[in-house]
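**Student:** Given only the sequences and the hints, what does the whole structure look like? Please build it.
2 protein chains.
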Amino acid sequence: MEQKTVLTLEEIYQPIQDRLPAVESKILEILTTANPLSSEVIHYFFKAKGKFLRPALVLFGASFGKHLPESAVLTAAALEIFHSATLIHDDIIDSAYLRRNLPTVHAKWNPQVAVLVGDYLHDKAIGAIFDTKSEQVIAAFLQTAGIVCDGEILELNEKNNFNLKEETYFTIIERKTAALLATCLESGAILGGLEIERALSLKRFGTYFGMAFQIMDDCLDFMGQENEFGKTLGADLQAGVLTLPLIRLIALLDERGKAEIFSKVKSGLDSAQLGDLVLLLREHGAIDYSIQKAREFTDRAALELSVFSDTPTRRSLEALLRYVVERNR
Amino acid sequence: MEQKTVLTLEEIYQPIQDRLPAVESKILEILTTANPLSSEVIHYFFKAKGKFLRPALVLFGASFGKHLPESAVLTAAALEIFHSATLIHDDIIDSAYLRRNLPTVHAKWNPQVAVLVGDYLHDKAIGAIFDTKSEQVIAAFLQTAGIVCDGEILELNEKNNFNLKEETYFTIIERKTAALLATCLESGAILGGLEIERALSLKRFGTYFGMAFQIMDDCLDFMGQENEFGKTLGADLQAGVLTLPLIRLIALLDERGKAEIFSKVKSGLDSAQLGDLVLLLREHGAIDYSIQKAREFTDRAALELSVFSDTPTRRSLEALLRYVVERNR
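Protein chains in written order, with this note's numbering: chain A, 9 to 337; chain B, 9 to 337.
Read the hints as simulated data drawn from the structure, not as lab findings. All C-beta atoms, glycine included, are put in the ideal place defined by N, C-alpha and C. Any given hint might turn out to be false.
Simulated pairs of lysine to aspartate or glutamate, DMTMM-like, Cα-Cα distance not exceeding 20 angstroms [as the list claims (entries may be wrong)]:
{"no.": "1", "chain 1": "A", "residue 1": "K141", "chain 2": "B", "residue 2": "E143"}
{"no.": "2", "chain 1": "A", "residue 1": "K301", "chain 2": "A", "residue 2": "D278"}
{"no.": "3", "chain 1": "B", "residue 1": "K173", "chain 2": "B", "residue 2": "E263"}
{"no.": "4", "chain 1": "A", "residue 1": "K167", "chain 2": "A", "residue 2": "D225"}
{"no.": "5", "chain 1": "A", "residue 1": "K272", "chain 2": "A", "residue 2": "D284"}
{"no.": "6", "chain 1": "B", "residue 1": "K141", "chain 2": "A", "residue 2": "D139"}
{"no.": "7", "chain 1": "A", "residue 1": "K55", "chain 2": "A", "residue 2": "E18"}
{"no.": "8", "chain 1": "A", "residue 1": "K59", "chain 2": "A", "residue 2": "E18"}
{"no.": "9", "chain 1": "B", "residue 1": "K116", "chain 2": "A", "residue 2": "E166"}
{"no.": "10", "chain 1": "A", "residue 1": "K116", "chain 2": "B", "residue 2": "E166"}
{"no.": "11", "chain 1": "A", "residue 1": "K141", "chain 2": "A", "residue 2": "E203"}
{"no.": "12", "chain 1": "A", "residue 1": "K167", "chain 2": "B", "residue 2": "E263"}
{"no.": "13", "chain 1": "A", "residue 1": "K141", "chain 2": "B", "residue 2": "D139"}
{"no.": "14", "chain 1": "B", "residue 1": "K167", "chain 2": "A", "residue 2": "E48"}
{"no.": "15", "chain 1": "B", "residue 1": "K141", "chain 2": "A", "residue 2": "E143"}
{"no.": "16", "chain 1": "A", "residue 1": "K116", "chain 2": "A", "residue 2": "E48"}
Partial chain B-side listing against chain A, Cβ under 10 angstroms, derived [claimed, not checked]:
{"no.": "17", "residue": "L36"}
{"no.": "18", "residue": "L45"}
{"no.": "19", "residue": "L95"}
{"no.": "20", "residue": "H97"}
{"no.": "21", "residue": "P119"}
{"no.": "22", "residue": "H130"}
{"no.": "23", "residue": "G135"}
{"no.": "24", "residue": "A147"}
{"no.": "25", "residue": "L150"}
{"no.": "26", "residue": "V156"}
{"no.": "27", "residue": "D158"}
{"no.": "28", "residue": "L162"}
{"no.": "29", "residue": "L208"}
{"no.": "30", "residue": "R212"}
**Tutor:** Here you go:
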């Protein structure tokens, strides 16, 4: 009966649902350009709806306050644009060809277009954040942008490192994923006028939630159907990125077992070999172990909500924690 | 005897020379990171000294004022970092393997590293601009960042377009090159406390200077020795980017001549064919025509200086105009 308590994203977003269309319009407004190529790429990219998680978190953060100001909508749009810029660049870096069930920008056009349109989105996101006129939000965002990039460079530096430690993996995902999700909640809280202590609780919630979110994302890379997840299965590993399930498996194997995995991965896995690897991950409980880690983070996140009274927004954030460890896409 | 009036950059920079070391230190200070890969790439990139044109223009702009504030040094560093970020991304886009006589970042490491380190520099530059606390400078910079990117996307969109119009070429170079040089002078002027009218004169000077600078850069792509220019000869064309000399040549050729050029360029030019093309450009006066256009822009730039009294800074900017049309690297 546990399943019953897992709501859909649409249900979870209910308290802020009425503001999301304004965020969507704001995104296209910010990105309006006379440049036909940019315009084509932008409309293509945003046509495929993502989870809109970052805008939702900004709005949730703000809706703990007495009012939900227009600047929260602007910030929500800006952070989704920033996130999109990083996705477009990430897909070049990971040579991914599928995102949200559509060819990636660098696959449909070319890496050059992906570099520049990513840069353009990046610039426009920062411009929009600046338009909030909130020094705190601007400062938080600029710091986070550097951290996200730093996390991605760290990840790149650790590619094909089969001795990657869990600790380093956690540092990478905290920077590349959790930092931005934390800033979404923090920015929303600042704009909603929350006291600093409560804004910091939400920021920590965002960090823990983000860690769980990324761990589950990495588990999903080894689970489910290709079209269901909307990305290429095993894509991380094919790109040389080691994630928690594999780090755990490697820690459990003897030298011969490790050597076997290394040589297979290095020569590139075909889908049969990928299937074998997934079986091995399951046999050794590496997926379950990772999901358990994700749950530990959602437990810590849940504790941060204890300072808030039992409002629909708090209940949504709690539901989001359940969603993230149960989701299959 | 004309040659005598062409000063070296070092001579031209004399009025602001004593502040340049502070800019260099500031760049490395802004980019300090615990990330070993980022740090390695950053030190490698900035070890090869560029012309430092953008920092010099910021300082020149500021030195027309009564004082040269510390924020001008910060802005000079930030704009050089921003420019470096665009160079690192450009080199991916143009598949260039040589910059400042050293392998480019994407050639020495890989395109992935180049994408991310470019993003990192981009973020750090914006953070530094924000630290100036000057709303005008921040707004000018953010607008320009968008314009630069837009110009690059436009250029990319026009790649391999053998019917590219001069007018479109001028729009591209105004955005991708001149806009940032203009913003350097404008930002310096704002921080130096100049009246708005004088700041705008310097901004226009920067635009015209920037147009001339890019036209000459494009001419140099077909001139001189590979190692002297520090870049690959004919690199623009090999990457499908049509610049003024070729646009002019194509305008002068008959249909058969055009068709011949198209087919040669499309199949990739070897160095003998590149040599033939250079001869053809010279025979048709396409290089001279382009240099003449550059001179028209420097003439317009010079006029903008008429509102300033005859100070060492003004004389340096005038010398810079002569330098740009006479330079060979």
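**Student:** Can you give the numbers of the hints that this structure goes against, from lowest to highest?
**Tutor:** 2, 12, 17, 19, 29 and 30
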